[in-house]
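K.L.:
Going line by line, the protein sequences match chains R and F.
Position 56 (the first sequence) corresponds to 56 in our numbering; numbering is contiguous.
Position 272 (the second sequence) corresponds to 272 in our numbering; numbering is contiguous.
Worth flagging that the hints you see were computed from the coordinates, not collected in a lab.
Treat the hints with caution; some may be incorrect.
Covered stretches of chain R (in silico footprint by chain F; criterion: 3 or more residues with CB under 8 Å from a CB of chain F, positions within the stretch not fixed) [said to hold, decoys possible]:
id : region
1  : 37 to 50
2  : 126 to 136
3  : 150 to 157
4  : 198 to 208
The structure presented is a predicted model; accordingly, all values stated were derived computationally and were not measured.
Ideal Cβ positions, reconstructed from N, Cα and C, are used throughout, including at glycine.
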Amino acid sequence: MEALGERAWLLRLGEGIDAGCNRRVHALARHIREQAPAWLEDLIPAYASLAVVLRIDAVEARTQARDWLVACVESPQPPDEAIAEPVEVPVLYGGDAGPDLPAMAEALGLSVEGIIQRHANGDYLVAMLGFAPGFPYLLGLDPALAMPRLDSPRTSVPAGSVGIGGHQTGVYPRAGAGGWRLLGRTPLQLFDARREQPALLQPGDRVRFAPVDAGRFAELARSPGGIDAD
Amino acid sequence: MRIEVGRGGLLTTVQDLGRPGHAWLGVGRGGVADAYSARVANLLVGNREDAALLEITLSGPALHFPAAARIALCGADIEATANDEALPGWRPVELPAGSTLSLGRCRRGARAYLAIAGGVVVPRVLGSAATDLRGGLGGLAGRALRKGDALETGAPSRSVPARHAPSIAAWSINPSPDIDFHASTVAGLLPGADACAPRDVLSRHAWQVDAGSDRQGLRLTGPAIALSAPCRRPSEPVMPGTIQCPPDGQPIILLADAQTVGGYPRIGHVAQADLPRLAQLRPGETLCFHDIDAEEAVALQRAQQARLARIELAIQARLAR
């Protein structure tokens, strides 16, 4: 356990990035949320760690909170039940939607079609949401597709862009700067604070990418829940 | 009341004390960068301390008030006039109907807080009015104020009398020691996961605030920091106050708009009680660190809360007269 300053504790449940450890993180987060100790303000689940943030008017309880958290970690939680059906995320691969595909093909020694096939065949797990609202960090990328981030990040990445950064793949929920290699774009709006459930993908969800053509992309983008819907 | 925005200023946003509880969605707490000044500003106009108000960065907006209003300006020492009369900070001011409040540059400090009796009213997103610029949500459509915007305000807790000229309270709140632009800035430093080499490099040097600083992070320049051991870690949770060290060795102190997770080494954390003062640092200003332990940081926090509680009682006594 590590102190993130005087107001938060970081619990580390493992060192690497693996699905089993990540499930334990989310099970522990759910357990703590259910127990709702009076000093709790927020929980930040990550790949293999969980931060527990105290209310600013309850920082005096920090050592008491640490002892309580140690006891929580020592009594194992039943892992969250695996979701049987993956969430399908349609993706328009290549072209303007995936400007980095040709350079990736050259660097990885694969064809563009080969990269798309490997990426779309993956069975992914949402390890966490972070960096920006609703940004999913996905586990399960084919190691043959791992590529370092761009040397210089783009100042503007379109909303819905699907990218690869190192051994991770993810989707940018919103336009902004970003350094991941772009393969394609989904027409779905990943995060909308007005929805009852703002994030389309939740930690612990399984995800599959389904290739679509430009016509289907435009249709889905205009539909409710699409990036161009309003 | 519907306040018209004649000029947005450099970066003026609707803020409150933030939206905790949504970090698992990748949504940070956000909210005011200097919670001390914002709380006092709200208390001065009879608002709850978590009411929505404006955070003004370095250079302020021009606002037209169609009806009489009670306001307070706290935080940075900002040039402020209404109908050509200069308005001082840290006290309640009553403006007549039809006033134009013109806010100029911040003379000292970086962020001024304008509270308006009744509070700014915007749709609450995930329980908060705070503008999240990176997430594009909250406040006015998730963005800064600009010319032509209108700001709705709620009903004041006490009515504002009709006047012909601004009425400035003869008393004011002294924000020292929490916000004191005459004292040098020294932040309490707690250890992080990753040690520096030499170990005391942060507290040994004075650090300059870089112009690239924003609500997400206070970027510092000084001697390049080396780590005592190489660090390769997956992205892990971070907090406002976490000091990150990117590969260029120039530390970044995360502020209110801190992302929820980050992969850079964490070389320390500043005491939460020092975050308001850090949010007031301007590019080119100097910051020093001194080592403290968690118990001292808790004591600093408790003392600051106690000062705020005393200020609240003093304001209530004044306003009741």
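K.L.:
Determine for every hint whether it applies to the structure shown.
P.N.:
Quick rundown of the hints versus the structure:
1. Check on the region 37 to 50 of chain R: 10 of its residues sit with their Cβ under 8 Å from a Cβ of chain F, so the three-residue criterion for coverage holds.
2. Residue count for the region 126 to 136 of chain R with a Cβ under 8 Å from a Cβ of chain F: 8. That meets the three needed, and the coverage hint holds.
3. Look at the region 150 to 157 of chain R against chain F: 0 of its residues bring a Cβ nearer than 8 Å to a Cβ of that chain, fewer than three, so the hint is violated.
4. Given as covered by chain F, the region 198 to 208 of chain R passes the check, having 3 residues with a CB less than 8 Å from a CB of that chain where 3 are the minimum.
Hint 3 alone, counting from the list given before, is not met by this structure.
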